[in-house]
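> Listed here are the chains, written in short residue letters.
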Amino acid sequence: MKYSLVRICKSSAAVEAIPGKKTKLELSELEDRLAAAGYMIITNVGPIMVVRKGEKGVEITIYDTGRLLLKTKDKERAMMEIREMERFL
Amino acid sequence: MRLISMLSGGIDSPVSVHMMLRKGHEVIALHMDNRPFTDDTHIEKVRMLVKRLQEVHDTEIPLYLAPHGIPSQETIAKNCTRRFQCVMCRRMMFRTGEVFARKMGADALLTGESLGQVASQTLRNISTESSAIEIPVVRPLIGFDKEEIISVAKEIGTFDISIIPSVCCTITPKRPSIDARPGDIEREEGKIPIDGLLKKVMDGVMRVEI
Chain A
1 MKYSLVRICK SSAAVEAIPG KKTKLELSEL EDRLAAAGYM IITNVGPIMV VRKGEKGVEI
61 TIYDTGRLLL KTKDKERAMM EIREMERFL
Chain B
1 MRLISMLSGG IDSPVSVHMM LRKGHEVIAL HMDNRPFTDD THIEKVRMLV KRLQEVHDTE
61 IPLYLAPHGI PSQETIAKNC TRRFQCVMCR RMMFRTGEVF ARKMGADALL TGESLGQVAS
121 QTLRNISTES SAIEIPVVRP LIGFDKEEII SVAKEIGTFD ISIIPSVCCT ITPKRPSIDA
181 RPGDIEREEG KIPIDGLLKK VMDGVMRVEI
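As given, the protein sequences belong to chains A and B, one line each in that order. 1 is the number of the first residue of the first sequence in the numbering used here; add one for each residue after it. 1 is the number of the first residue of the second sequence in the numbering used here; add one for each residue after it.
Do not take every clue at face value.
[Stated by the list, open to error] Once the Cα atoms are required to be at most 20 Å apart in a straight line, the calculated EDC-like pairs of lysine to aspartate or glutamate come out as:
1) Lys73/A with Asp195/B
2) Lys78/B with Asp32/A
3) Lys73/A with Asp160/B
4) Lys78/B with Asp195/B
5) Lys24/A with Glu55/A
6) Lys75/A with Asp195/B
For the record, the hints were derived by calculation from the structure and aren't laboratory data. Just so it is clear, the structure is predicted and the values come from calculations on it, not from any experiment.
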């Protein structure tokens, strides 16, 4: 699924991305796919999952609505992380 | 009095600390570490805030961190009704504060709560959150509006630290309850091991150098 990047409010330190169409992710299935692809699953609480690729990767919060929150201020880096993750979503 | 400040890194709690320090009370700061549902910036912000408050009042304020995102928030989110997340989160914070206060010989908790400011600060929710503990809670900002709090924060030099960009809590539900009744929350808490969680949290409490 294709994602677009949205910069969130000025007071925040994160970049948000939203899916191109309305979606509902099954995070327990997605967890297996991401783990197999080398993502570290930090937590999966049902409607929200937090993952990271490698020790120095950007921490990504994935909502079951498809929304992604990337804990970085670097838009380009965020976009690279999103492009890498898109194929699993 | 010796007070345990539930210091968040936001605008309000440092102002509540200032209010009580200027009256001559002793404050120990406890930050509930909400990672991975926030980011590392909060830890640095509370260190800077404590440093600033120490300078303003020329006194030592010991700072402690308690793990909260994992295990407490995670366990609540996995097992309980979504709209009660914030009230249950705060009840766990208060419980942690209470046990920590007993350990440190403190008389009360200190918060920056201001009536009606956010969903967890409606009168009903404040009452339900407080019903989890027996220790008194001091709330010097309860009747202040945000502009008044900001004005004091600017005066004492904590405002610019509090507004350093950081990730807000990511586990907040879309529609948090603003009218949580103690009975409903106690039923929800029956689904999770409160005492076990509290023990895990207390085992993880650590002092932070300023």
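> None of the hints should be skipped; say for each whether it holds.
The hints, checked one at a time:
1. Lys73/A with Asp195/B: 38 Å, violated
2. Lys78/B with Asp32/A: OK: Lys78/B and Asp32/A at ~18 Å, within 20 Å.
3. Lys73/A with Asp160/B: Holds, at roughly 19 Å.
4. Lys78/B with Asp195/B: 17 Å, holds
5. Lys24/A with Glu55/A: Outside the cut-off at roughly 28 Å; violated.
6. Lys75/A with Asp195/B: 42 Å, violated
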